[in-house]
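Participant: What follows is the residue order along each chain.
There are 2 protein chains.
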Amino acid sequence: MPQPHGQNIDPAAAAQQSLRKVHPPPGDAASLGRDGCTRRAFGPEAEALSFSSDCARFGSSKGIAAISRDVDTQNRGGVAPPGPFSFRLLASDGGARRGEIATAHGPVATPAFMPVGTQATVKGLAPEAVRASGADIVLANTYHLMLRPGAERIAALGGLHRFMHWPQAILTDSGGFQVMSLAQLRKVEDKGVTFRSHLDGATVELSPERAIEIQGLLGSDIAMQLDECLQLPASRPELERAMRLSLAWAERSKLAFKTAPPERALFGIVQGGDDLRLRIESARALVDIGFHGYAIGGLAVGEPREVMLRTIAEVAPALPGDRPRYLMGVGMPEDLVEAVARGIDMFDCVLPTRNGRHGLAFPRFGPINLKNARHADDPRPLDAASPCPAARDYSRAYLHHLVKANEMLGAILLTTVNLSYYQELMADMRRAIAAGTFADLRAATSEGWARGEAGAS
Amino acid sequence: MPQPHGQNIDPAAAAQQSLRKVHPPPGDAASLGRDGCTRRAFGPEAEALSFSSDCARFGSSKGIAAISRDVDTQNRGGVAPPGPFSFRLLASDGGARRGEIATAHGPVATPAFMPVGTQATVKGLAPEAVRASGADIVLANTYHLMLRPGAERIAALGGLHRFMHWPQAILTDSGGFQVMSLAQLRKVEDKGVTFRSHLDGATVELSPERAIEIQGLLGSDIAMQLDECLQLPASRPELERAMRLSLAWAERSKLAFKTAPPERALFGIVQGGDDLRLRIESARALVDIGFHGYAIGGLAVGEPREVMLRTIAEVAPALPGDRPRYLMGVGMPEDLVEAVARGIDMFDCVLPTRNGRHGLAFPRFGPINLKNARHADDPRPLDAASPCPAARDYSRAYLHHLVKANEMLGAILLTTVNLSYYQELMADMRRAIAAGTFADLRAATSEGWARGEAGAS
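Chains A and B, in that order, give the protein sequences. Mind the numbering: the first sequence is residues 1 to 457 in the numbering used here, read in order. Mind the numbering: the second sequence is residues 1001 to 1457 in the numbering used here, read in order.
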């Protein structure tokens, strides 16, 4: 397998990928976080610096700027440049993998869920609250940021991390998906895509090279190649055309990324819709090009859930075991568990944030629609046993009132509850994979959802 | 002067009201907060329990529920009921007064600014963030809460403090002002006011007795009498009619409040518009009835600023020195300073929150409109020297972006900045009055606003 430039896979970790279970080396035990996941690069102050996954701390007594400075000091030691991007596989359990991505902005424990910060903010939450929910990394949208406030402007202001006051890792998408879903009058050609901005109608061009340039200006830790993502169902010729175009763009993206510093990573995106032959062809061709990580795109775009899961099950084994695998735009909590079972390491999705803004809570025993009048007199919190105060400290009656009265605090609290639950679920999965009990967790979680609230302990 | 039932004014403190400056007794020195204000009733854990005025802690590592329990334990000692409502005058400097209100939900340092929590939430902020901004007390609106979710419902859920998860003090208005400004087809009669709900058009009646009943169901620490507040300018006969009606309602309110427990307080409201003779008549009659505190209503409703300040200067001395004086619905930062100079102890106003939601920041050197395009590339924070991270940690360019993109975080951060500045200003005034330097602070603050940002240190 070709090595992309700047790649620095730990050979020992890579060799371990075929082992069923790999425990972290004993030397790491001292830095085990409360979720049982190793935390690197924070040094002796790890406890003081790391936010707890208990979102009790909507913020921290230590300002996030101070944390950022500390991280810089710890990571960079005054003069040393940040280390290269890398991925370590720490354990696996069946198809499920427990790993850690090293970035210039701190480690990312995998399986990881990335909250979506479309316009350089996770809607409704200050960055401290996003961090407190347990996120190591957020996703930001190239399409939105290139249009407003502009990538060159963000670069002049010191890059996206500083702009949005988020010192942890950032993945940027390439803009392709939003061009397809949001922009008007788009024209897809070999050279790239031309579209009208949804904000002011201005004509904008986005090529694979420009997408890489923009993501470089933003300074994200993980950049994505430009691809063409089709809505499903789509005809085979259309799927094949879009897949081949995406492959051509992948090669050009790789070339354009050549001058990027080694701490930044570029992921290729597997396309091919619901056609498994196209999917495998796409995956193999991308692996031949060689990327720091591989995404599966074009799922959760209209196909049945079984098709999505079967596609993941087929594609994941075709991707190298020593690189992170990212399932784009997925999904519901049960989708995360099933995708992790099939070898996925990273996720992003707007569901926890968007649903939170629309009155839908995801506590651990399944969704609760707070708009429903049956909550109006209910003194119970969403989940008295949750580590998240937003789930514990407010009655359903109050949340119902806030949602009905269209109060911002309703969106804020439900977004907090949802992101916290998603992160708790990821932490549970990481723990279970390390302990070799992922199958038990998967069954218990699924049963818990089926039983619903009445069965919750 | 007649004593309202349940009144428990510290006679020593009352005797001190004529002194120019009164320092807190030495025994209180140990519990001096970081702003130099005494904090009572928190006992030995004062430091651990009291939120710092530094809004760095958007929340606290200690859940607010835990704080509430601690406060209950501290205040109530297991079985002892909460102490009666009281006001202590701690110092005065010219007309300006430094005091402390004791409530069943903790002390309120005066001069105090009460953020407005109209629908049982200070818009955009979790209660922890409101507390972290420095607020000892919030205002909630009877009119809104009686219509949605309903006072009986809130009572059944344990009262407003529990409902909105705010363990500190709450003042509720009587609903009169909103009936006049929001409701449709209102009819004012001697018995009360009948109106159509702005939510669903339902016909609702509000009498002085019902306003007291509702506030009792909500369980606020300070209730307000129902009054009729006129927009200015208004004719003298109209002003006189409304003032006399408000006086009649004041008497009925006092009667209706007779069965309230001693830890709850009732304030009368001086009316009379811009007619000073009516104002003095109103004040004297209210003092004859006897209330725990006195509000000046019907200002900041269309009259010139000089008229407002002159009215305050005339009315305040007509009110008893040993009771808190509350200027309703005011105002801009400079109004707060000038009103404190004229003897006002309490304020509420939607400006810091409403303006924050509309892109207007109030840092210490005057307003900044973040909508303005000139901020688009400005890397400076709103105020690098602020104790508030929201003012310190985000560039104006980022705030401009959030406001333009209509992102909730823009409203959240600017609301935080504005409430924090208002509370810093109150704390500065409390310190200055205690130190006998209020005139210096007043001059320096006014000069600072005049110089603007360029002159800020």
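Since the hints were derived computationally from the structure, they do not count as laboratory data. Ideal Cβ positions, reconstructed from N, Cα and C, are used throughout, including at glycine. Any given hint could turn out to be false.
To be verified - Simulated crosslink set (SDA-like; lysine to any residue; CA at most 20 Å straight-line):
1. A/Lys404 to B/Leu1182
2. B/Lys1371 to A/Arg148
3. A/Lys404 to B/Arg1148
4. B/Lys1371 to A/His144
5. A/Lys371 to B/Arg1153
6. A/Lys404 to B/Glu1152
7. A/Lys191 to A/Arg148
8. A/Lys404 to B/Arg1153
9. A/Lys371 to B/Arg1442
10. B/Lys1404 to A/Lys191
11. B/Lys1404 to A/Arg153
12. B/Lys1123 to A/Arg396
13. A/Lys404 to B/Lys1187
14. B/Lys1187 to B/Arg1252
15. A/Lys191 to A/Arg244
16. B/Lys1123 to B/Arg1354
17. B/Lys1404 to B/Pro1379
18. B/Lys1404 to A/Leu157
19. A/Lys191 to A/Arg153
What the hints assert, rightly or not - If you want the ones that stay clear, here's a sample from chain A, every Cβ over 12 Å from chain B, calculated:
20. Gly117
21. Lys187
22. Ala411
23. Arg431
24. Glu453
Participant: Next step is simple, just say for each hint if it's right about the structure.
Facilitator: Okay, the hints, checked on the actual structure:
1. Restraint check for A/Lys404 and B/Leu1182: the C-alpha separation of about 19 Å stays at or below 20 Å, so the hint holds.
2. Between B/Lys1371 and A/Arg148 the CA atoms are separated by roughly 14 Å; this keeps the pair inside 20 Å, and the hint holds.
3. This hinted pair checks out: A/Lys404 and B/Arg1148 have alpha carbons roughly 9 Å apart, not beyond 20 Å.
4. Restraint check: the Cα-Cα separation between B/Lys1371 and A/His144 comes to about 19 Å, which is no more than 20 Å; the hinted pair holds.
5. Between A/Lys371 and B/Arg1153, the direct Cα distance comes to roughly 17 Å. Compliance with the 20 Å bound is thereby established for this hinted pair.
6. For a cut-off of 20 Å, the pair hint linking A/Lys404 to B/Glu1152 stands: about 18 Å separates their Cα positions.
7. Distance restraint check for A/Lys191 and A/Arg148: the Cα-Cα separation of roughly 23 Å exceeds the 20 Å cut-off, and the hinted pair is therefore not satisfied.
8. With a C-alpha separation of about 15 Å, the suggested pair A/Lys404 and B/Arg1153 falls inside the 20 Å cut-off, and the hint holds.
9. Among the hinted pairs, A/Lys371 with B/Arg1442 is inconsistent with the structure: their alpha-carbon atoms are about 49 Å apart, more than 20 Å.
10. Distance check on the hinted pair: B/Lys1404 and A/Lys191 sit about 32 Å apart at the alpha-carbon level, beyond 20 Å; violated.
11. Of the supplied pair hints, the one linking B/Lys1404 and A/Arg153 holds, its CA atoms being roughly 15 Å apart against a limit of 20 Å.
12. For the suggested pair B/Lys1123 and A/Arg396, the alpha carbons sit about 18 Å apart, so the restraint of at most 20 Å is met.
13. Under the criterion of a C-alpha separation no larger than 20 Å, the hint pairing A/Lys404 with B/Lys1187 is inconsistent with the structure, at around 28 Å.
14. Distance hint between B/Lys1187 and B/Arg1252 is fulfilled; the C-alpha atoms sit about 19 Å from each other, no more than 20 Å.
15. Distance restraint check for A/Lys191 and A/Arg244: the Cα-Cα separation of roughly 13 Å lies within the 20 Å cut-off, and the hinted pair is therefore satisfied.
16. Between B/Lys1123 and B/Arg1354 the alpha-carbon distance is near 8 Å, which keeps this suggested pair within the 20 Å criterion.
17. The hinted pair formed by B/Lys1404 and B/Pro1379 meets the criterion: a straight-line CA distance of about 16 Å does not exceed 20 Å.
18. This hinted pair checks out: B/Lys1404 and A/Leu157 have alpha carbons roughly 17 Å apart, not beyond 20 Å.
19. With a CA separation close to 25 Å, the supplied pair A/Lys191 and A/Arg153 exceeds the 20 Å bound.
20. Its closest Cβ contact with chain B, about 10 Å, brings A/Gly117 to no more than 12 Å, contrary to its assignment away from the interface.
21. Every Cβ of chain B is farther than 12 Å from the Cβ of A/Lys187; the closest lies at roughly 26 Å, confirming the non-interface assignment.
22. For A/Ala411, the condition that its CB be more than 12 Å from all CB atoms of chain B is violated, with the nearest at approximately 7 Å.
23. Separation of A/Arg431 from chain B is adequate, the least Cβ-Cβ distance of about 23 Å exceeding the 12 Å criterion.
24. Listed as a non-interface residue, A/Glu453 keeps its Cβ farther than 12 Å from every Cβ of chain B; the least gap is roughly 19 Å.
The earlier numbered hints that this structure contradicts are 7, 9, 10, 13, 19, 20 and 22.
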